[in-house]
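Visitor: Residue-level listing of the chains:
There are 2 protein chains.
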Amino acid sequence: MYDRIKGFRDFYPGEMAARRETTDSIEDTARRYGFREIGTPALERAELWTDKSGDDIVDELYAFEDQGGRHVTLTPELTPTVARMVVAKQQELSKPIKWFSTRPFWRYEQVQQGRQREFYQTNVDIFGSSEPEADAEILAWAADALTDLGLTGEHFEFRISHRDILGGLFESYDADVDVEAGIRAVDKSGKLSTPEYHDLLADAGLTYDQAVEFDELVSAGDLEDVVSFAETDRVADAVANLQAVLEAAEDFGAREYCTISLETARGLDYYTGVVFECFDSAGEVSRSIFGGGRYDDLIEQFGGQPTPAVGVAPGHATLSLLCQRAGVWPEETVTTDYYVLQVGDTRPEAAQLTRTLRKRGHVVETDIAGRSFGSQLTYADSINAETVVIAGEQDLANDEVTIKDMESGEQTQVPLETFPGEYERPTFDDFV
Amino acid sequence: MYDRIKGFRDFYPGEMAARRETTDSIEDTARRYGFREIGTPALERAELWTDKSGDDIVDELYAFEDQGGRHVTLTPELTPTVARMVVAKQQELSKPIKWFSTRPFWRYEQVQQGRQREFYQTNVDIFGSSEPEADAEILAWAADALTDLGLTGEHFEFRISHRDILGGLFESYDADVDVEAGIRAVDKSGKLSTPEYHDLLADAGLTYDQAVEFDELVSAGDLEDVVSFAETDRVADAVANLQAVLEAAEDFGAREYCTISLETARGLDYYTGVVFECFDSAGEVSRSIFGGGRYDDLIEQFGGQPTPAVGVAPGHATLSLLCQRAGVWPEETVTTDYYVLQVGDTRPEAAQLTRTLRKRGHVVETDIAGRSFGSQLTYADSINAETVVIAGEQDLANDEVTIKDMESGEQTQVPLETFPGEYERPTFDDFV
Chain A
482 MYDRIKGFRD
492 FYPGEMAARR
502 ETTDSIEDTA
512 RRYGFREIGT
522 PALERAELWT
532 DKSGDDIVDE
542 LYAFEDQGGR
552 HVTLTPELTP
562 TVARMVVAKQ
572 QELSKPIKWF
582 STRPFWRYEQ
592 VQQGRQREFY
602 QTNVDIFGSS
612 EPEADAEILA
622 WAADALTDLG
632 LTGEHFEFRI
642 SHRDILGGLF
652 ESYDADVDVE
662 AGIRAVDKSG
672 KLSTPEYHDL
682 LADAGLTYDQ
692 AVEFDELVSA
702 GDLEDVVSFA
712 ETDRVADAVA
722 NLQAVLEAAE
732 DFGAREYCTI
742 SLETARGLDY
752 YTGVVFECFD
762 SAGEVSRSIF
772 GGGRYDDLIE
782 QFGGQPTPAV
792 GVAPGHATLS
802 LLCQRAGVWP
812 EETVTTDYYV
822 LQVGDTRPEA
832 AQLTRTLRKR
842 GHVVETDIAG
852 RSFGSQLTYA
862 DSINAETVVI
872 AGEQDLANDE
882 VTIKDMESGE
892 QTQVPLETFP
902 GEYERPTFDD
912 FV
Chain B
482 MYDRIKGFRD
492 FYPGEMAARR
502 ETTDSIEDTA
512 RRYGFREIGT
522 PALERAELWT
532 DKSGDDIVDE
542 LYAFEDQGGR
552 HVTLTPELTP
562 TVARMVVAKQ
572 QELSKPIKWF
582 STRPFWRYEQ
592 VQQGRQREFY
602 QTNVDIFGSS
612 EPEADAEILA
622 WAADALTDLG
632 LTGEHFEFRI
642 SHRDILGGLF
652 ESYDADVDVE
662 AGIRAVDKSG
672 KLSTPEYHDL
682 LADAGLTYDQ
692 AVEFDELVSA
702 GDLEDVVSFA
712 ETDRVADAVA
722 NLQAVLEAAE
732 DFGAREYCTI
742 SLETARGLDY
752 YTGVVFECFD
762 SAGEVSRSIF
772 GGGRYDDLIE
782 QFGGQPTPAV
792 GVAPGHATLS
802 LLCQRAGVWP
812 EETVTTDYYV
822 LQVGDTRPEA
832 AQLTRTLRKR
842 GHVVETDIAG
852 RSFGSQLTYA
862 DSINAETVVI
872 AGEQDLANDE
882 VTIKDMESGE
892 QTQVPLETFP
902 GEYERPTFDD
912 FV
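These protein sequence lines are chains A and B, in that order.
Once you know that position 109 of the first sequence is 590 in my numbering, the rest is easy, because the numbers rise by one and skip nothing.
Once you know that position 345 of the second sequence is 826 in my numbering, the rest is easy, because the numbers rise by one and skip nothing.
Since the hints were derived computationally from the structure, they do not count as laboratory data.
Computed from a predicted model, the values in this text were never measured in an experiment.
Hints are not guaranteed to be accurate.
Given that identical chains are not distinguished, each listed pair holds provided it fits within a single copy or across any two copies.
What the hints assert, rightly or not - With a Cα cut of at most 20 Å, we get these calculated SDA-like pairs of lysine to any residue:
(1) Lys487 with Phe545
(2) Lys570 with Asp505
(3) Lys669 with Thr799
(4) Lys840 with Gly631
(5) Lys570 with Arg736
(6) Lys885 with Asp778
Whenever a hint applies, use it, and build me the whole structure from the sequences.
Guide: Okay, structure coming up:
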């Protein structure tokens, strides 16, 4: 007997049905926004990640050498792949480019609740617009995707900031600050004690007094205070951009879900502008549910023309935790419209009924295992059949079938010419 | 600029839309048959393949050692994974188990038309029934999946045989025949010259005279001749089983697509009973489109209770070739119901219209890039917008919008209260 690999999940039909319903809903929201589905490879050259330094992802790669001697890796995220695809067809693609896709990614990291080594995300990105409306559309899509799943503002909030606010604040100090290290410190601050956080800020180049001051300013989150403290165009512009994004989000229906939170930094170095993270409002899911933001420099870093970009990538594992705690996760069960039960040698007639019902779009099973009456009924119950159509020799000799409602157990005989006849989706109730 | 890896495809929106439509159709057919979707890992322990010998797949594995020292491989096929999943929950799963899934697989092999190193399949399997109705249901599903795509019996045929016919024929010779090598020889015969084929049969243990005789008997494909030649229960039982499967396929509506072809052997060693391959009837796609069959021993080999099994796995690459040559491949393009065009400072009103139309389920885009009138119209054309809703300052001051049909170029002004108003999906034609 073989085991699956740690961090890799098998999804059996009940759980998979709930996942499928959720994924379909998220993707339907994306389609209505005019995001277009793309398909992307599971493997990429490892240098898409290793060429950059300072990225924690590299330590978590499933990287190896293929039989052709290529250094390849299972992709731990989608962004470098879509950047590569944009660069490859930059001239012929009309802008803005609006893409989505749902697929697994792989990271060799510590397995915990809501975090497996194989995990699914729906990536949604816009390339070619630096306008605040693009950031706002990403926020609005994310909000609609969640509310379309049945979540409300009571369940989630988007904590939003701008990379240049933190970067500009660090720069405004008369000190030699490693800005990226400082931003990573802020990104981790929620998981650290205050002294640990201040130590990290000091490691990045602030004095302890500055670290305390910085912490107070950032955690208070007052945009006017931040602008007047920094006194730089960079911070003033960042605040103005953040406010413009929030104004567009108001028009797009997403403002009510957004909270300004300057401690929201996003771990990845490639973000350049507005960044945001989705959190459980009730705090029951303590980690960020997912996040996104603007990354205007990446396409150029990948060899393309300078192209602004903004995106978000809800992870399905944390999202399912949020939905479960909010009570909106779909029931993990399979459903069946009809089971056509054969009694005696009625295979041709049962097959005909089965085919007719399937042609009308229904989920229909019939006996393929030579089962007894009771055994077929048990099976029909196990697949949650709503209606059992009993095709018995005697009934059929009278041009009838028996329709059984599996919820109530009631049944009735109906003429074969009326079942399914003109009914789109006939059930027991149509014949009593 | 980074390249994608050889044998790995990027799918841009137009092509992806055609693939999605096809996949959705195939999966919808599976759902109506009562196959239940499962989700499976991309990585498995390599021993799921390397423990077996004589399987060509092993040479094509993307196998490596992970950071935890596990010997793992990207999965080249689904069957061992579903076998592992059946064994893991054998007691609690009600039988027959009917599963499907669509996902990529990976094999390091020669790249050619219709064969990439990353390729998509929809796997459909039944566990727990040894009855001919189970084999026939697999055939019927495959036939319905293809006809639901618009293909007909003019486009495809299922060449069907039974593993024990070839195995029993080899056994019936008074010679020391390596039966698996012999079956592999038959499987390859279509790609070989007659002398090469006979050489392979001789390598497997037949004399040259026997090889010629065997070749004639098998290529003639007369079941009665085969039974009387072999004079063994094994061959007689296999022929009877094949005929029973074809009779059930008649009831299930799939018989018309099936041709008996004893040269159909399927390369994989795990098949045990009926095997079949789908071919292009016109011969334009020369390779097998896909194949399937019965593999009753695999679950026990994987440490489970003996459990009969039968399945099929259409590959999407060869299937798309078939659909293209048959003229039923969907148009590779994106579609858009509405583009809401902003003229002047009309973002709030345009956003409201956009949200209302999206809520009704339509694909709707609006300006998120601060574009001019002409530039927005060009973009709307590039995404094949059916209707452009022009939200201009002057129109809105009069409580009107302009509705433009992008096909004809005609446009008309309509009161804001009637657009979209009570219309489910209003177009230009509703207002003239």
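Visitor: Can you give me the call for Lys570 and Arg736, within, between, both or neither, at a CA distance of at most 20 Å?
Guide: Answer is neither; intra-copy 34 Å and inter-copy 47 Å both fail.
Visitor: I want to check one pair: Lys487 and Phe545. Are their C-alpha atoms no more than 20 Å apart within a copy, between two copies, both, or neither?
Guide: Cα proximity of Lys487 and Phe545: in one copy and across copies (19 Å, 16 Å).
Visitor: Pop the pair Lys570 and Asp505 into one bin, within, between, both or neither, using alpha-carbon distances up to 20 Å.
Guide: Neither: 28 Å inside a chain and 27 Å across chains, both beyond 20 Å.
Visitor: Go through the copies and call it for Lys885 and Asp778: within, between, both or neither, with a Cα cutoff of 20 Å.
Guide: For Lys885 and Asp778, the Cα distance exceeds 20 Å both inside one copy (63 Å) and across copies (37 Å).
Visitor: Since the copies are identical, ignore which copy is meant and state whether Lys840 and Gly631 lie within 20 Å (CA to CA) inside a copy, between copies, both or neither.
Guide: between (32 Å within a copy, 14 Å between copies)
Visitor: What label fits Lys669 with Thr799 when the C-alpha limit is 20 Å: within, between, both, or neither?
Guide: The answer is within: 18 Å in one copy meets 20 Å, while 49 Å across copies does not.
Hint check: violations occur at hints 2, 5, 6; the rest are consistent with the structure.
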